[in-house]
Amino acid sequence: MSIRVENIDKRFGTFTALNDVTLDFRTGELTALLGPSGCGKTTLLRIIAGLETADAGRILIAGEETSDKPVRERHVGFVFQHYALFRHMSVFENVAFGLRVKPRRERPGEAEIRRRVMELLDLVQLAWLAERMPAQLSGGQRQRIALARALAVEPQVLLLDEPFGALDAKVRKELRSWLRQLHETLHITSIFVTHDQEEALELADRVVVMNRGRIEQAGPPQAVYEHPANAFVHGFLGASNILRGTIRDGLFHAEGASLPARNIHQSGGEAVAYLRPHELAIARRPDPAGIPAEIRRILAFGALARIELITLAGRVPLEVELPRHDLAGLALNPGETVHLVPQGVNLFPSAEAGTLPKPVLAKAG
Amino acid sequence: MAGATSTFPASHRFETRSATRDHGLVRALLLALGLGFFALFLILPLVVVFAEALRKGWETYWAALTEPDALSAIRLTLLAAAIAVPLNLVFGVSAAWAIAKYQFRGKALLTTLIDLPFSVSPVIAGLIYVLVFGAQGWFGPLLEGYDVRIIFAVPGIVLATIFVTFPFIARELIPLMEAQGSEEEEAALVLGASGFQTFWRVTLPNIKWGLLYGVILCNARAMGEFGAVSVVSGHIRGMTNTMPLHVEILYNEYQFAAAFAVASLLALLALFTLAVKSFIEWKSAQKSDPGIRPEESLT
Chain X
248 MSIRVENIDK
258 RFGTFTALND
268 VTLDFRTGEL
278 TALLGPSGCG
288 KTTLLRIIAG
298 LETADAGRIL
308 IAGEETSDKP
318 VRERHVGFVF
328 QHYALFRHMS
338 VFENVAFGLR
348 VKPRRERPGE
358 AEIRRRVMEL
368 LDLVQLAWLA
378 ERMPAQLSGG
388 QRQRIALARA
398 LAVEPQVLLL
408 DEPFGALDAK
418 VRKELRSWLR
428 QLHETLHITS
438 IFVTHDQEEA
448 LELADRVVVM
458 NRGRIEQAGP
468 PQAVYEHPAN
478 AFVHGFLGAS
488 NILRGTIRDG
498 LFHAEGASLP
508 ARNIHQSGGE
518 AVAYLRPHEL
528 AIARRPDPAG
538 IPAEIRRILA
548 FGALARIELI
558 TLAGRVPLEV
568 ELPRHDLAGL
578 ALNPGETVHL
588 VPQGVNLFPS
598 AEAGTLPKPV
608 LAKAG
Chain W
51 MAGATSTFPA
61 SHRFETRSAT
71 RDHGLVRALL
81 LALGLGFFAL
91 FLILPLVVVF
101 AEALRKGWET
111 YWAALTEPDA
121 LSAIRLTLLA
131 AAIAVPLNLV
141 FGVSAAWAIA
151 KYQFRGKALL
161 TTLIDLPFSV
171 SPVIAGLIYV
181 LVFGAQGWFG
191 PLLEGYDVRI
201 IFAVPGIVLA
211 TIFVTFPFIA
221 RELIPLMEAQ
231 GSEEEEAALV
241 LGASGFQTFW
251 RVTLPNIKWG
261 LLYGVILCNA
271 RAMGEFGAVS
281 VVSGHIRGMT
291 NTMPLHVEIL
301 YNEYQFAAAF
311 AVASLLALLA
321 LFTLAVKSFI
331 EWKSAQKSDP
341 GIRPEESLT
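Listed in order, the protein sequences are those of chains X and W.
Take the position in the first sequence, starting the count at 1, then add 247; the result is the number in the working numbering.
Take the position in the second sequence, starting the count at 1, then add 50; the result is the number in the working numbering.
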């Protein structure tokens with residue numbers, strides 16, 4: 248089922264949680280709401296579920312206005328960050344809850360409930376835990392049970408509020424790919440909230456980047472990562488090196504180098520360049536498009552090596568990432584001066600950089 | 051609610067380490083002081099109550115309990131508790147729910163007001179009702195017109211009992227419900243449960259031990275209350291006398307054996323309450339200890 252969110256406003260006292268948010272979520276897609284804490288992503292999810300009421304705007308599920316529908320009639324599945332399993336019920340009863348509270352006419356018989364619950368527990372691969380109490384499960388197991396419980400009522404949409412937020416790194420990674428597989432099987436329109444950009448990019452069909460109650464950008468992960476709409480999105484999705492400089496003669500001048508840029512929209516004036524650490528090549532020979540910098544530290548573990556440098560002109564710290572194999576070929580030493588040639592420079596107006604990104608209302612769809 | 055006791059209390063570890071073990075003399079002194087105080091102020095009076103009650107033999111004891119005025123006092127005490135406890139159960143759960151789960155204006159005021167019966171002297175509580183419902187009180191003339199008697203009658207006793215026992219259940223539930231939050235209730239609503247189903251199937255099972263604990267304490271106080279009830283009762287034998295008031299009257303009339311016989315019933319009630327209370331504490335501690343360790347592996 249598609250979900251449409253129209254001109255949603257939400258304030259808590261003087262704090263604006265959501266400011267005129269409009270979004271479309273397409274049928275069968277898994278969308279990530281990504282942003283720093285306090286950006287309004289969880290509030291938006293709770294408004295869609297009906298756990299919170301918007302001050303203005305409408306929610307449409309499958310084209311039908313649901314703004315005034317009580318939570319229990321919205322047919323949404325909701326997974327909480329801290330699982331919210333019913334602590335006094337067994338795993339089986341937790342999953343069966345949604346079926347047992349149905350009005351008598353719609354309530355399935357005991358045998359049917361049993362069959363459905365076991366089917367769902369099989370789906371989350373935890374059928375062997377059916378008789379346990381929630382307190383006897385690990386975090387990852389609890390979250391999978393919470394998911395099975397949400398799916399029991401056959402929701403039209405599935406909403407997940409930081410589903411992996413309370414889990415440790417290893418379990419997070421496992422659950423992430425498991426959830427993706429589950430989505431491929433079920434194809435329920437799903438929205439999940441996260442502040443982890445890696446999780447959003449890896450898991451979602453579409454990523455919606457939010458900041459301060461507004462949508463900064465929405466699109467497929469690849470597009471959002473490679474063509475960030477503004478400095479905030481660039482900064483939030485992965486590591487960035489930031490250089491301040493000026494635009495002259497179609498080039499960006501900073502730190503003793505003249506760099507061609509992807510997106511020069513101004514004819515002159517100040518600008519800020521965002522450079523991904525893996526988009527900087529290290530050269531020994533001076534180059535007009537190379538930033539002279541001194542190597543401070545070389546960190547070589549795993550597949551990627553990280554090199555910390557400092558520019559000669561303005562003493563700006565920079566970071567470069569390159570495959571370990573390439574590092575060996577270069578034979579670099581700390582203290583040495585090299586020239587960094589950017590492969591892609593994203594320029595943003597200097598007012599946009601730093602703390603206050605200009606709100607860009609990117610309409611999804 | 052009473053905290054969960056773990057299998058190995060901290061004192062066990064404390065005791066076995068020589069570095070933290072107290073000097074033998076200090077230990078003996080503390081034990082003697084604690085136990086001596088306990089014996090003198092708690093055990094001795096209890097023993098006296100039963101000894102005095104039975105001094106003239108079982109027959110006198112039984113006669114004191116079964117004479118009509120005593121029976122009437124027992125009946126009235128049971129009646130007052132039977133009305134006050136269920137009402138406070140409803141008020142207590144509602145108030146705790148409102149305070150723990152909603153944000154509203156005047157929440158701090160309500161929290162403070164719930165404690166009022168604890169901080170106000172029971173005599174004042176009784177006087178309030180006399181001033182409001184008594185013959186010379188605000189509603190006195192009006193009530194007289196309809197021939198309704200509240201003060202020096204059973205309704206007054208019930209009202210005073212409700213007032214003094216009001217905080218017990220709410221006080222017990224508020225911290226418990228605040229700690230549990232409302233995520234489970236939210237989960238139930240999203241799954242399609244109605245408000246009543248959510249309360250009955252999710253909220254109530256989670257607070258049941260705390261609630262029972264509150265009810266036990268509330269009941270003990272309802273049956274034992276003296277001050278507030280004494281002011282509104284009028285001490286009419288066989289009519290408006292509760293057990294504690296009956297004990298006082300008998301005592302003032304030098305019928306010591308009878309006074310202690312009725313008092314022993316109240317003491318038995320207290321012992322029974324303590325036993326149930328410990329059982330509930332033990333039971334809820336058991337609940338919060340899952341027993342089996344969670345498995346950290348995913349598969």
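These aren't lab readings, by the way, just hints derived from the structure by calculation.
The C-beta atom is built at its ideal place from N, Cα and C for all residues, glycine as well.
Treat the hints with care, as some may be off.
What the hints assert, rightly or not - From the structure, some residues in chain X lie toward chain W, with a derived Cβ separation under 7 Å:
#, residue
1, 298
2, 319
3, 344
4, 345
5, 348
6, 400
7, 545
Said to hold, decoys possible - DMTMM-like cross-link-like pairs, simulated, lysine to aspartate or glutamate; straight-line CA separation at most 25 Å:
#, chain 1, residue 1, chain 2, residue 2
8, W, 157, X, 302
9, W, 258, W, 236
10, W, 151, X, 299
11, X, 349, W, 233
12, X, 349, W, 236
13, X, 316, X, 359
14, W, 151, X, 315
15, W, 151, X, 445
16, W, 151, W, 228
17, W, 157, X, 299
18, W, 151, X, 302
19, X, 316, W, 233
20, X, 316, X, 357
Claimed, not checked - Estimated spans, in silico, between C-beta atoms of each pair:
#, chain 1, residue 1, chain 2, residue 2, range
21, X, 555, W, 152, 46 to 56 Å
22, W, 148, X, 351, 44 to 54 Å
23, W, 151, X, 434, 35 to 45 Å
24, X, 337, W, 163, 52 to 62 Å
Taking the hints in turn, this is what the structure says about them:
Interface hint status for residue 298(X): upheld, as the beta-carbon distance to the closest one in chain W is roughly 6 Å, under 7 Å. Hint on residue 319(X) holds. Least Cβ distance to chain W is approximately 5 Å, under the 7 Å limit. Given hint, residue 344(X) at the interface with chain W, holds; its Cβ is 6 Å from that chain's nearest Cβ, closer than 7 Å. Hint status for residue 345(X): holds, given a least beta-carbon distance of 4 Å to chain W, under 7 Å.
At about 4 Å, the closest approach between the beta carbon of residue 348(X) and any beta carbon in chain W falls short of 7 Å, and the interface hint on this residue holds. Checking residue 400(X) against chain W by beta carbon gives a least distance of about 6 Å; that is within 7 Å, so the hint holds. Evaluation of the residue 545(X) hint against chain W yields a violated restraint, the C-beta minimum of about 36 Å exceeding 7 Å. A hinted pair counts as satisfied when its Cα atoms are at most 25 Å apart, and residue 157(W) with residue 302(X) qualifies at roughly 23 Å.
Taking the CA atoms of residue 258(W) and residue 236(W), the gap is about 19 Å. The hint holds against a cut of 25 Å. With a CA separation close to 14 Å, the supplied pair residue 151(W) and residue 299(X) stays within the 25 Å bound. Between the alpha carbons of residue 349(X) and residue 233(W) the distance comes to roughly 20 Å, so the proposed pair stays at or under 25 Å and holds. Taking the CA atoms of residue 349(X) and residue 236(W), the gap is near 16 Å; set against the 25 Å cutoff, the hint holds.
Restraint check: the Cα-Cα separation between residue 316(X) and residue 359(X) comes to about 29 Å, which exceeds 25 Å; the hinted pair is violated. For the hint linking residue 151(W) to residue 315(X), the alpha-carbon distance of about 22 Å falls within 25 Å, and the restraint holds. A distance of roughly 35 Å separates the Cα atoms of residue 151(W) and residue 445(X); the hinted pair therefore is violated under the 25 Å criterion. About 7 Å separates the Cα atoms of residue 151(W) and residue 228(W), which keeps this hinted pair within 25 Å; it holds.
Of the pairs offered as hints, the one joining residue 157(W) and residue 299(X) holds, with about 21 Å between alpha carbons and a cut-off of 25 Å not exceeded. With a CA separation close to 21 Å, the supplied pair residue 151(W) and residue 302(X) stays within the 25 Å bound. Of the supplied pair hints, the one linking residue 316(X) and residue 233(W) holds, its CA atoms being roughly 20 Å apart against a limit of 25 Å. A hinted pair counts as satisfied when its Cα atoms are at most 25 Å apart, and residue 316(X) with residue 357(X) does not qualify at roughly 29 Å.
Checked against the hint of 46 to 56 Å, the C-beta distance between residue 555(X) and residue 152(W) comes to roughly 52 Å, which is consistent with it. Roughly 31 Å separates the CB atoms of residue 148(W) and residue 351(X), a value that falls outside the hinted 44 to 54 Å. For the hinted restraint 35 to 45 Å between residue 151(W) and residue 434(X), the CB-CB distance of approximately 36 Å keeps it satisfied. Judged by the Cβ atoms, the range 52 to 62 Å given for residue 337(X) and residue 163(W) is violated: they are separated by roughly 40 Å.
This entry does not satisfy hints 7, 13, 15, 20, 22 and 24, going by the numbered hints stated previously.
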